[in-house]
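With the hints as your guide, set chain Y onto chain C.
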Amino acid sequence: MGRFWSLLFLSVPVLGTLCYLAGMLTRSGPLALWFPENVNSMANEVDQLHDLILALIGIVFVATGLVLFWFTWKYDASVNDQPVRFVHGSHKLEFWWTAIPAVILIGLAIYQLKVWSDVKIRRPMLAGLDGQMDTADDQPMPPQFEVVARQFEWRFRYAGEDQLLDTVDDILGDVNELHVPVGEIQVGSLKAADVLHSFFIPALRLKSDIVPGSQQIVWFRADKPGSYEIVCAELCGWGHYKMKGRLVVETKDEYQLYLQSLRAKQYQRDFSQPSVAQVYERDSGETGGSGPLGTNLSLAGGAQ
Amino acid sequence: MCVPAPTLRLPSLFFVLSTALACCVGCDVPIASFEPNVLYRKRMELSEDVKLDKAQEDIQAALDELFGTPDNPKWPEFLADDEEFADLVALDRLQRAAGPVRSDEQGVHFGLFREHCVHCHGVTGNGRGPTSQFLNPYPRDFRMGKVKFKSTTIGQKPTRSDLLRILREGVMGTSMPSFRLLDDEDIDALVDYVIFLSVRGEVERRLIAEAAFELDYEYGDRLWNPGLKESSDEEDAEELAAQWEVIQDYVVEVADSWIQAAGDVPEIAGAAEDYPLFGRDNAASPEQQARLAASVANGRRLFQGKVANCASCHGATAMGDGQANDYDEWTKEWTTAMGLDPKDREDIAPMLELGALKPRNILPRNLRIGVYRGGSRPIDLYLRIAQGIDGTPMPAAAMKPANPQGMTEEEVWDIVNYVLSLPYEHISQQGDNVPPFQRERL
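Protein chains in written order, with this note's numbering: chain C, 1 to 304; chain Y, 1 to 442.
Bound conformation, chain C alone (with noise of 0.2 Å):
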């Protein structure tokens, strides 16, 4: 065999090489493939922390594939017949690769501390009553929606007119579907009935977990209408896998024609067999892809 094993260690930092160029061929362009397009505009430069951390780690990993492969490949016993030998170690060497990573990893965390900042904890401000932005006075921006989370669903609530969650001109939402204005600030409250969840939107680099019994504050601007995957990052029992659900990003005029047809959905008083039983019968998918409502009441019918 020689040294062929030593070959099988080479192709560790090649087929990683391999990986690295293809996987940012494929990131975005014509030839996207698996990272989502940022519609996110107040999270931008999540993207480029990401790509700057990967070539960071890629470029590690391809370096000490090829050291492990150039040992191998040197002591191998095929052509090696010097008997094994203690060497202390290299105080010189140990320090580099230590002050190097710790350089790094320091660098990265100062680095980062505005794009945290900006995308965690510095949440959008609304003007004061003088009126003017950045004064004394500025109130932070209230959230207008809430999402519930459940083992294992999405609900969602909306603020209504007032603009304020837990009065009560507040709309109820569809289970599983969230709507938002594009091109406008959003702020969401998260909370979890049972257990830990975690919001993740892919498309808007947007994730946070949500502890039971505390209140998440999250905040984005999605620019680009479409429809898009909301999932749970945080294994949260059988059933994480298919708790997912729906982000819509709609003009201003969509989204409040769904938010009057939520309200209307809300607060219908008559109840008979051809108005709201007529919503839930079996051939949905012909008969009430958009239904008496004018609510579309099938996820699995209305993608996009």
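In short, the hints are calculated from the structure, not lab data. Treat each hint with caution, since some may be false.
[What the hints assert, rightly or not] Some chain Y residues judged to face chain C by a derived CB distance under 10 Å, without partners named:
no., residue
1, H116
2, T131
3, M172
4, S178
5, F179
Note that CB positions come from ideal geometry on N, CA and C, so glycine has one too.
Below, chain Y alone, put in the same frame as chain C:
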């Protein structure tokens, strides 16, 4: 010269074993039969003082013949021949929902019940799947043919729309999630399967009751004797046909109650369009706001009053603390209904051994939280008040004109408005909620 014996090395042994284990994972053992309703049988044995273990075999044989097995369910032929019954549970939808989990080349899903429902509701729909004991409330046992949140009156079956609604929206405040992301056809198949399990379970109960009340196995009576099929004797054939007719009658009766329900949905026209609703009209014209305030005040009066009598269970503060000692029908049936004390461990021990879940009190809803299991829309609250909640101590409201002492539809809407206002009322400002006699004592 001898060949050296191959040495068994630990790593290779580990490799072989783990591969073998991996191959076995996912091997589905076919489920041969639905579980018998031993709890109900025991209940009948105790209350009627009979032995039903012989009848059990007949019942199982008859049920297998009527409804097949979990892997290969059947809709009784005499029902499938009838258009209405064939539409209630269609064989193709039934087969999609049943059996092991798989999907075909076109991406059509099969085994939906086992994929999504079985771990809580159980193979037989008895509400005793592996996770059931960890849930509060317990998962529904379909076999009694009762559903809580529906649009039909108490004692009636739910409509198909009611079941679809529960599957699509889930039941907030319980562990039942929404299945809205499934394809419409999949949800449809599941509704059929739930109806199927419910019909099967109810027929089983009736056959057990028949065996307990009507048949005397000690004198050689048989509910269903498949052995007679082999016989060429004419008398035997007649006996078999007579037995089958009795069974068939029960099946048709149960299935028919599902068909009836679709025609039983009440038509609620709702109050006039300008009638104020809490939440919708809080910021409307001053006149509407005044009407709304009057409606809420009237609702509060009715809530505490003698006719609606909501406060007796939901409590004067509406926090669900009026009474906390009652049980639902599913529990009462094998406890209080036959003189067993659900709180007495020794009393209920034999029942728990048969798989009954530990009895839990059914608690009136705390109306100040704003979580309503049957749905949060005003119309949902209206239905709960006007129709009651089947299988629970929540009764249907006494309504005019059927009951001259009862309430009008508008008065029920007033209660709805009041209930909707409760989550927004500060708990410390509830002076009005304390009934007059208590206030005097304070």
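Numbers of unmet hints, in rising order:
Checked against the structure, no hint fails, so every one of them is satisfied.
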